[in-house]
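*Asks:* These protein sequences, in sequence, are chains A and B.
Residue numbering for the first sequence follows our numbering, beginning at 1 and increasing consecutively.
Residue numbering for the second sequence follows our numbering, beginning at 1 and increasing consecutively.
The hints are simulated quantities; they were obtained by calculation from the structure and are not laboratory data.
You can trust all of the hints, since none of them are fake.
Computed footprint of chain A on chain B; a stretch qualifies when at least three of its residues, placed anywhere within it, have a C-beta under 8 Å from a C-beta of chain A:
| id | region |
| --- | --- |
| 1 | 144-154 |
| 2 | 257-270 |
| 3 | 284-291 |
Positions of the beta carbon are idealized from the N, C-alpha and C atoms, including for glycine.
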Amino acid sequence: MKHSGNISLALGAGIVAGVLLLALIGQFYTPYRPARQEIASRLLAPSLAHPLGTDHLGRDTLSRLMQGAGYSLFVGLLAVGLGAAGGTALGMIAGSFGRWVDEFVMRVIDFVMGFPIILLAILVASIFGPGMRNSMIAIAVANIPIFARLVRGNLLSLKEEDFVMAACASGASTGWIVFVHLLPHLITPLVIQGTVSLGTAILADAGLSYLGLGVQPPHASWGRMIYEARSFLSLDPWLAVFPGIAIALSILGFNLLGDGLRDRLDPRVSRPSRKAKPRLKRRREELG
Amino acid sequence: MAAYLGRRIIGLAGTLLLISIAVFAFLNVIPGDPAQIVLGLDADPAVYEATRSRLGLDRPVVLRYVDWLAGALRGDLGISLHHELPISALVGSRLALTLPLAGMAMALTVALSIPLGVFTATRHNRVGDYVGRFLMQIGIIVPEFWAGILLILLFSVRLHWTPAGGFPGWGTVRMAIVALLLPAVALAMPRVAVLGRLTRASFLEVLNERYITAARAKGLAEGCVLFKHAMKNALIDLATLSGLLVAQLIAGSIIIENVFQLPGVGRLVFQAIGARDLPLVQGITVIVAVLIAAMNFFVDVIYGLLDPRIRYR
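Chain A extracted, bound-state conformation:
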């Protein structure tokens, strides 16, 4: 178990680092200008001059992929960051006040959780118009319930710990206990969830930009590149393949990194699925 965790950690970190690097370099240098059209060299297959080929307007696919990586990561990081901040605040309010505040906040959160991101994004886009900022808002809102639940759940179980009682007995206020004693314990689960959420955010962003609700042309986004490739499938299938690989690979990277971090940082975190219970049982069996 330990072993597989290390492998996914290394692999995930490697892929994420690669995508980050691609995006960063893309900010300063791309082989061609991502929006430059060159009608003479349209729909080219991969070659030395254009390693990943060109699209129907003669734009260089690699350059557009690099620019798209930047937008994808930017939207993902900001959306997850905002969602985590909002969710943590809500979860802390629900978890530390308890009673009807808790009940009310959790009801609203259940409601938002059942509401698909895409509907939210459509509502936002129908009013404020499509665009990167608005798709980011939708993804951020969709992330709030996930973090709120995580924080609240952790708070509720942490509240039962002896060190909280000790702090209480020595006269610490609720606010002091929450921020000084409890918050540090939340960092690990937050980082793990944040990593996994980044993968989901990139997936959601790709879907929204496929529909034209994300980054607007002439800027390149992975989802939109696949949309544009849809019309040229029989002429140039490569066009649809590369952006998809970029999306899938980034999601894989963040998922593996999240899994690896979970195994490395927090063996206690109950992995409701496969590991926690059997492991406990095995312990019990080992003890006789």
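Given the coordinates of chain A, work out where chain B should sit on it, guided by the hints.
*Replies:* Only chain B this time, still in chain A's reference frame:
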């Protein structure tokens, strides 16, 4: 059971009320007003006023909400600005594609994910398990719209087995089902992976229980142990997820319909955004949200039937 059902019905009513308020508020208490969004900023004042009164914007918000809600309860969601047709009829006709599509994807998901999950769980940490988990990992990282495009590339562009998109209507059922097949597969793929993983996890957990050892000890055939004894307890975990699954399938079909150019609700709402047809967007959002809430309600009820412990919580 009656008390449990009562609580669920109250919960459903609350959710529906919340949906109606949220969607209504979203489109009405925004900066500017819907008439301006529909017409743009530099609209002719006379046209602007006419649109305002057509949308009922010259009346107080609360009154408008009550009217709209009363209409919605009677199945009247107003008139689409772009199509100039009643919204409920418009959406109803498009659901004739979206619901069968989601249903097919759901059937595929269940039919593939449970065997896959059981298979990998019974071969825990052996070759079959690794291969299955690898496939499921791929299913999770591949976006459904890209999967759709790859399927078109393979089956339509290369092999010419299926049309690359479009829908012939339900006139000939066989043609209609063929047209929905690739979209349903694309839609099901990520869900097969998620549900398969979950099935695997809950089977692994259940197979560790003592009653399974007991069943094996008394000499039951392994198939009987798996599908009769283990299945019942493992499926309860899956039942909780199926409500979420339906929500995802309906939401996912919005993208997939646009990939395969199918005239369903997803394409309708997408065109409505382009045409700035706010009443239609509002109507579709409400209908989809209500559908999802209703599915969750049914799942809760079934869950209560399956597991008596839930009812007394």
